[in-house]
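Engineer: Chains A and B supply the protein sequences, listed in that same order. In this text, residue positions in the first sequence follow the working numbering: the first is 1, and each later residue adds one. In this text, residue positions in the second sequence follow the working numbering: the first is 1001, and each later residue adds one.
Incorrect hints may have been included.
[What the hints assert, rightly or not] In silico SDA-like pairs for lysine to any residue, Cα to Cα no more than 25 Å straight-line: (1) Lys1388/B x Tyr70/A; (2) Lys1388/B x Tyr167/A; (3) Lys1155/B x Asp1166/B; (4) Lys1069/B x Tyr31/A; (5) Lys38/A x Lys1155/B; (6) Lys38/A x Leu1061/B.
[Stated by the list, open to error] Derived CB-CB ranges, DEER-like: (7) Asn1252/B x Glu92/A: 43 to 49 Å; (8) Arg1256/B x Gly48/A: 55 to 61 Å; (9) Thr1062/B x Pro25/A: 35 to 41 Å; (10) Gly48/A x Asn1252/B: 50 to 56 Å.
These aren't lab readings, by the way, just hints derived from the structure by calculation. Cβ coordinates follow ideal geometry from the N, Cα and C atoms, glycine included.
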Amino acid sequence: MRTKHKILLFTLPWIVYLLVFWLYPISYSLYLSFTDFKLLQGSGDFIGFTNYSNLLSDPVFLTSLKNTFYFVFGTIPVTTVLALIFALLIAEKIPGHKIFQAAYFIPSITAMVVIALIFYNLYSRGGYLFSLCQIAGLSPPENGFLQSEKTALLSIMAMDVWVAIGYYVLIFLAGIKSIPIELYEAARGDGAGFFRRSASITIPLLKSTFAFVIVLNTIRSFQIFVEIFVMTSGRPFNSTLTAVFFIFERGISRGSIGYASAAAYILFIILLTFSLLQFKLINVRKSA
Amino acid sequence: MRYFCLISLVLGLSCSGSKNETGTIRFWQFWSDVNTKPVVEKMVRDFEIRNPGVKVKITDLTWANGHDKLVISFAADDPPDVMELGSDWIAEFASEGLLADFRSDLPENYLAPAKWRGDLYALPWMLASRIFYFNLDLLDKAGVEVPENRDDLLKACEKIDDLGEDYFGFGCNSAEKHRLYKKYLPFLWSNGGNIMSPDGKTCELGSEQAIEALECYLKICDCGAIESQRRLEEYFIDGKLGFIISGGWLLNKLKRSKVNFEYRLVPIMNPSGGTGISFFGGEYIAVNAKSKNLETAKKLAKFLTQKENSQALCDAAGFGFPPYPGLEITDPQKRILAFQLENSRSAPPTPLWVYIEQDIEDAIEAAIYGHGTAEEVLLRAAKTIDAKLKSEDYAD
C-alpha cells in the first residue's frame, strides 16, 4: 500500500467524524440562517438576508452582543493578570506552592452547573456574600446581587474569573518552566530580585504563552452560556443576556432555528475577526 | 427441517400477539422526586401487567428544560410515544399536527387547555391552581386586620414591610420563565381584563383593567421581596413573608416544616373583595400522532389519567386534584384550594403562547425594574403580541 493511501486510511475515521459532526452541521446551519426554519414545523422558506438584517436591528440581540463584549473585555485582563501573578508566585516555590497550585485548579475541574448553583446562593439575599457586605458596612443590592441590573453581570463575571484562573495559572506555569534556568541563575548572580527577574526575563519570554491564553480566553468568554442558563436566564431585564444564550433561547426555546443560526454566524464572524486580529498583533510584535 | 419450522413457528407466535399490544412505549414525564416517581413507576408496571408484551420506558424531564427537550425530540423526528405536557403547551404541539386526538366526557373547563380548534389533544392528569397564603402572625405583629380587598392588602404589605429588613410584605417573583406571568394573570382576570380578545385575533393587554392590574402588582411588589419562587416559599416558611401566591405544594411544605406561626389560605381577591380568578394549570398526557404503537400509547394515556391513578399521583405529590368532579375533600385547607380551582382560568390555548408568555413576562419585568410605566410596557407588549398574532394565521 502506498504511503499516501496509508495516511488516508489512518486519518479516515477523523475525516468522517469531521465531515459528519462538524462540517455538515456548520454548513447546514449556514443554509438555515437564510431561511425562516421553525423547529416544530420542521420546514422553512428561503428568505435571503432577512434574518441578518432583522438581527442587526433587534435591540435584544444588540444588548446580548453588548453584554458579551462587556463580559469579554471585563474578565480577560483580570483573569490573565491574576493568573500570571499566581503562576509567578507558585514558580518561586513559596512555602505550600503545591497546595496553592491544586487549590487554584479545583474550580476549573468542577462542573460549572455546580459552581453556578453555589454562587447563586452566595449572591442571594441572605447569602454569605450578601451578609458579608452588610457586616462590612457596604449596602448590597436590596434583593441580592443577581436581582439587580447593576450587579448581576458583574457578579457572574467575578465568579467566572475565579473559575477560570486555575486553568490559565497552569498554562503560565508550563510557559515559565520552559524558560532556561540558566537565565535565572545568571540574573540571581547579578543580584536581581523577584520583581526584576519577572519583569526582565519571565514576562518577555512568555509572549507566546500570553497569546495562547488571550486567544483561548477570548473564545471561551465569547461563548459564555452555562453560568447564564443556571443563574439568571439573561435576567433581570436582559442585563445578563449574552450572545450564546440569545442563540439558545431563540433557537431552542422559541424554535426559530433560522433566526438563531443567523445570530450564530454573526457571533462566528465577530470571533473570527477577533482571533485573526489577536494573531496579527502578536505576529507584528514578534517580528518587531 | 420440520423441527426448524416448528421452532420458528413457536418462537414467532410467542413473540407476536396482537399487533397493537406489543412493543416499547416511550413515556416522558416530569415526576422525578422520591415521593412521586415510585407512584408513576407503579402505574406503569400495572399497565404492563394488564398489557402483556408491552414495555413502557420512562424518561424524566425537568420543568426548566422539558419543553425544549420535547421540541427538539419532535424536530429530530424522535419524539416519545406518550408525554406529559404543561397545560399551556398543548396548542403549540397540536397546531402542528404532532399530537393524537382523544375523546373525553370530563368537564369542559378541565379539557379547555387541551383543545385546539375544537378537538381534544391531551387528557388531564392533575389540576392545580394558585392561591394567597397569609401569615397571620405577621399581620398581627404589624397591627393590621386580615385583608379582604386589594386596598387592604396593599396597606397590610406596607405595614409588614415596615417591621424591619428581615420582613417583607409580598413575595414578588423575579423574572423566572413560566412563573412570573402566573402571578400577574390573577390580578388581570380578577380586574375583568383579558390577554386576548375572544376570537384570539387581538391582544387586550393595553386595556384599562390590564394596566390597573399591573399597577397594583407593582405597588405590592414595592413592599416585598423580589426572588425566585423557591426562595420566596422558603421566606414564607421561615415566617419572613406576609403574603405569597403559590400552589398546593406550599401547603404540603408548610405542614411538613411544622411552622410555628399561623397561616391561612385565602382565594385570590377581586379589587373590591370577593373571590377573584386565579391561574388554572395542570399536567396533561398527550400522545405522539405518529407513534408506531398509537393504540397502545393512547391506552396508556387513558390508563394514567384514570381517577384512581390521578388520585394516587395527587396523594403522592401532596397537592393537585384529579380531573374528576364530585371529589370528596375532607381537609378544610384543600377545600379552599379546590374552591379556587373552580374559580380559575387557563391561559388562552394558542400555539403562540410560548411567545406571548415571554412578552408578558418581559413587560412585567420592565415595569418592575423601572423601564417604563405599567401603561407603557403593556402597550408595547400588546403591540408586539398583535404583530405576532397577525403574522401567524392561527386565530380561530
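Engineer: All the hints need checking, so say for each whether the structure fits it.
Structural biologist: The hints, checked one at a time:
1. Simply put, lysine 1388/B and tyrosine 70/A have alpha-carbon atoms about 32 Å apart, too far for the 25 Å limit, and the pair is violated.
2. With a C-alpha separation of about 46 Å, the suggested pair lysine 1388/B and tyrosine 167/A falls outside the 25 Å cut-off, and the hint is violated.
3. Restraint check for lysine 1155/B and aspartate 1166/B: satisfied, since their Cα atoms lie roughly 18 Å apart, inside the 25 Å limit.
4. Between lysine 1069/B and tyrosine 31/A the alpha-carbon distance is near 23 Å, which keeps this suggested pair within the 25 Å criterion.
5. In summary, the hint linking lysine 38/A to lysine 1155/B is not supported, as the alpha carbons are separated by about 48 Å, beyond the 25 Å threshold.
6. Restraint check: the Cα-Cα separation between lysine 38/A and leucine 1061/B comes to about 23 Å, which is no more than 25 Å; the hinted pair holds.
7. Checked against the given bound of 43 to 49 Å, the beta carbons of asparagine 1252/B and glutamate 92/A, roughly 58 Å apart, lie outside it.
8. At roughly 58 Å, the beta carbons of arginine 1256/B and glycine 48/A sit within the given window of 55 to 61 Å.
9. The supplied range of 35 to 41 Å is broken by threonine 1062/B and proline 25/A, whose beta-carbon atoms lie about 26 Å from each other.
10. With their beta carbons about 54 Å apart, glycine 48/A and asparagine 1252/B fall inside the hinted range of 50 to 56 Å.
The structure is inconsistent with the numbered hints 1, 2, 5, 7, 9, although it conforms to all the rest.
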